[in-house]
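Undergrad: All chains, please: the whole structure from these sequences, using the hints.
Take a look at the letters that make up each chain.
Protein chains: 2
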Amino acid sequence: MTTTTALTNHQVRLAKRPTGLPTRDVWSFTTEPVREPADGGVLVRNLAISLDPAMRGWMNEGKSYIEPVGIGDVMRAGGIARVVASKNPQFKEGDLVSAATGAQEYALIEAAQARKAGLFKIDQRLGTPNQWLNVLGMPGMTAYFGLLDVGQPKPGDTVVVSGAAGAVGQTVGQLAKVKGCRVVGIAGGPAKCEWVVNELGFDACIDYKAGNVRQGLKDHCPKGVDVYFDNVGGEILDHVLAKLARGARIVICGAISQYNNMEAVQGPKNYMSLLVNRARMEGMVVFDYVDRFPQAVGELAGYLKDGRMKSREDVVSGLDNFPEALLKLFKGENFGKLVLKIADA
Amino acid sequence: MTTTTALTNHQVRLAKRPTGLPTRDVWSFTTEPVREPADGGVLVRNLAISLDPAMRGWMNEGKSYIEPVGIGDVMRAGGIARVVASKNPQFKEGDLVSAATGAQEYALIEAAQARKAGLFKIDQRLGTPNQWLNVLGMPGMTAYFGLLDVGQPKPGDTVVVSGAAGAVGQTVGQLAKVKGCRVVGIAGGPAKCEWVVNELGFDACIDYKAGNVRQGLKDHCPKGVDVYFDNVGGEILDHVLAKLARGARIVICGAISQYNNMEAVQGPKNYMSLLVNRARMEGMVVFDYVDRFPQAVGELAGYLKDGRMKSREDVVSGLDNFPEALLKLFKGENFGKLVLKIADA
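One line per chain: the protein sequences are H and E, in this order. In terms of our numbering, the first sequence opens at residue 1 and continues consecutively. In terms of our numbering, the second sequence opens at residue 1 and continues consecutively.
The hints are simulated quantities; they were obtained by calculation from the structure and are not laboratory data. No experiment lies behind these values; they were computed from the predicted model shown. Check before you lean on any hint, since a few could be wrong.
All copies of an identical chain are treated as equivalent in the list; a pair is satisfied when it fits inside any one copy or across any two copies.
[To be verified] Straight-line distance between alpha carbons at most 20 Å, and here's what the computed PhoX-like set of lysine-lysine pairs gives:
hint, residue 1, residue 2
1, Lys16, Lys218
2, Lys177, Lys305
3, Lys223, Lys63
4, Lys218, Lys63
TA: See the structure below:
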């Protein structure tokens, strides 16, 4: 076993709850000595962590699908890490693992926390570490179960996905293509739209920054929208509601346009389209599907291998850059799954 | 056959599309001679017509689940009527029928229109003519299929219904009680609330006019809301969204609080509760269930007969009073199913 006690851990902690955008002042940077794991525990070194829109919700006080991050706590984050010390027979030094490692260089995962942290060894034959934060990680799982279980697309359906060049959106759209659907993305800017169509094979992509989502939906969804996978909320949700096909399914995965609102969330004023079109809008939380993750990982890894699916990660380096990197999400500046690299493999 | 050609028909026609409340000036009152039915047709005399919140939607231009009433057309309405002349072998003079007879004294239903008008003979052993506009008519069918097919209540579930003393709400709540649910109504004023609890057997009723729907839901739904049958939209929908139980189902049946808005509809700003609670919100239109109406009528008539269900109608008399009678709905002044009596039986 490596001697680890001489190591210092750098951490990003939530210093206060943000109002609006989570600017640098809501974070504190701390250091502390690295401790040895007790029996059954592992000590891991983070290679990269996932930056997700959902993080913004975890920073708020109050009841949600998961407890909020406490003031003074290391920020919750999923990571890919290397085992540097193990007192758990299932893991050995050098193993690559996935776990909720947090926004820090080292994470000590004691036996009692292993399950809650979702600790498992990753198989690099199925995908790269970055892909394990993307298609094979939470965003991919969210896409898979949200689209297939909640959205229930049928071959020939028109599937619309917002945040199309983001982590969840890229997999939703490609998976819908694999399942025989017509797929229309919504993304910000011509570069993302071109990538989504030319590289990922979406049938069309609407550039919401160019202004006319309504006309774009009219042009590209002549038979209406059968499945809408919503990552953004706000006006775009209203535009899609106005174009639903009979019996449509809206998957509520997120509402990134609303997370930093200083005022109340903007509710979908066209929600009565659900009545007119006998449609439904349903929320989903990926943690509910943990037992079926292996099945989804196997299927998605197969598509990555046979070329039916691609992935893109947007990598920012350095734990110190955590605050600004996270803001890229809320400014729509990330192109692909946003990953914060913390150490070399 | 009675001589009918000497009869004069009085009618209420849509003169112009309303903005806001449908005041008297949007209607015109016309008279015309009654015509004889052609082969296969029937001429009926309206005894009573149903006044429904949905009528407000039919008065708007634009795509909906049914075509709008045209300017100058007789206002669409469901009625219970007596056959006064028949050239259809299935109906004879004196029969009581249900059909979309419109806001007029006499309706001529030619053979080609009989199906679209939903013409059928009613069985007075199952219910009174007024009940055929209520529990055994469209409101009852809406309650039955909306609650059971879309809401999918399980015994022990907490079911909340708004507009609880209205046509649909009274049947939703009583049916949910029959199915073993805990039922909480929301209605306007102490008289309606008392009736709903003491006469209909709801477990509780929240008087929204008294102000504190939020506290009422907290008091009466300690385990959260499993099924919400929404007839009203607006703030009440938001309060219920904030109290959903895990896996809740919201049935979107109507949004009477929003129908006369001069500005945009108020979207449910708490809709992200659908995600947090893995809940769904789904619209329904009663016409989709026409093939199963006989089954539902049979079941509901059974509950009326054995006393497990009651019904209440709020009867206004006189076709001339149509405009003011309709407004009672939007002011929340009706107590029970609103019926406009046009002629004695």
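Undergrad: Hint numbers the structure violates, sorted upward?
TA: Hint 1 contradicted; others consistent.
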